[in-house]
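Asker: Counting from 1, position 67 in the sequence shown corresponds to residue 67 in the numbering used here; the numbering is continuous, with no gaps.
Simulated from the structure, these hints should not be mistaken for laboratory data. Honestly, I wouldn't trust all of these hints.
Computed beta-carbon distance windows for the label pairs [what the hints assert, rightly or not]:
| hint | residue 1 | residue 2 | range |
| --- | --- | --- | --- |
| 1 | 119 | 57 | 31 to 39 angstroms |
| 2 | 77 | 47 | 16 to 24 angstroms |
| 3 | 51 | 108 | 21 to 29 angstroms |
| 4 | 86 | 42 | 16 to 24 angstroms |
| 5 | 29 | 74 | 16 to 24 angstroms |
| 6 | 32 | 117 | 19 to 27 angstroms |
Keep in mind the model is a prediction, meaning the values are calculated, not measured. Where is the CB? At the ideal position from N, CA and C, for every residue including glycine.
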Amino acid sequence: MRFLIDTHTFLWFVNDSSQLSDTARFILESEVDLWISSASLWEIAIKVSVKKLTLPQPFDLFITNQLELNEIETLYPSILHLNSLSELTFHHRDPFDRLIIAQAIVENVPIISTDSWFDTYAIQRIW
Numbered sequence: 001m002r003f004l005i006d007t008h009t010f011l012w013f014v015n016d017s018s019q020l021s022d023t024a025r026f027i028l029e030s031e032v033d034l035w036i037s038s039a040s041l042w043e044i045a046i047k048v049s050v051k052k053l054t055l056p057q058p059f060d061l062f063i064t065n066q067l068e069l070n071e072i073e074t075l076y077p078s079i080l081h082l083n084s085l086s087e088l089t090f091h092h093r094d095p096f097d098r099l100i101i102a103q104a105i106v107e108n109v110p111i112i113s114t115d116s117w118f119d120t121y122a123i124q125r126i127w
């Protein structure tokens, strides 16, 4: 089974945070296919650049190491994802989340996230 992980889910998982739910942790530690949107990586890069997030290594090393270590694949936007994005209603205005939602719709995968805004769209959110 495949899952798309939200930005905070990724950060909490790789930092072994207690904020991660038991259900999310169980899935993330299982033998499943994990994807992270390039939108999440972009969001992390922005947070690092504006000093809202500090990583234990330079961004490129941290992301590369964590993706490899945790066997997480990057999901890049396709034309189908962007078309889905263009058709989304504006329940939620966060551009990163909107792309993640569009990708989940097109790929028909659940999102592991604590963000209840995702529930206003035709996707499955797991937390």
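Asker: Of all the hints given earlier, name the ones this structure violates by number, lowest first.
Answerer: 3
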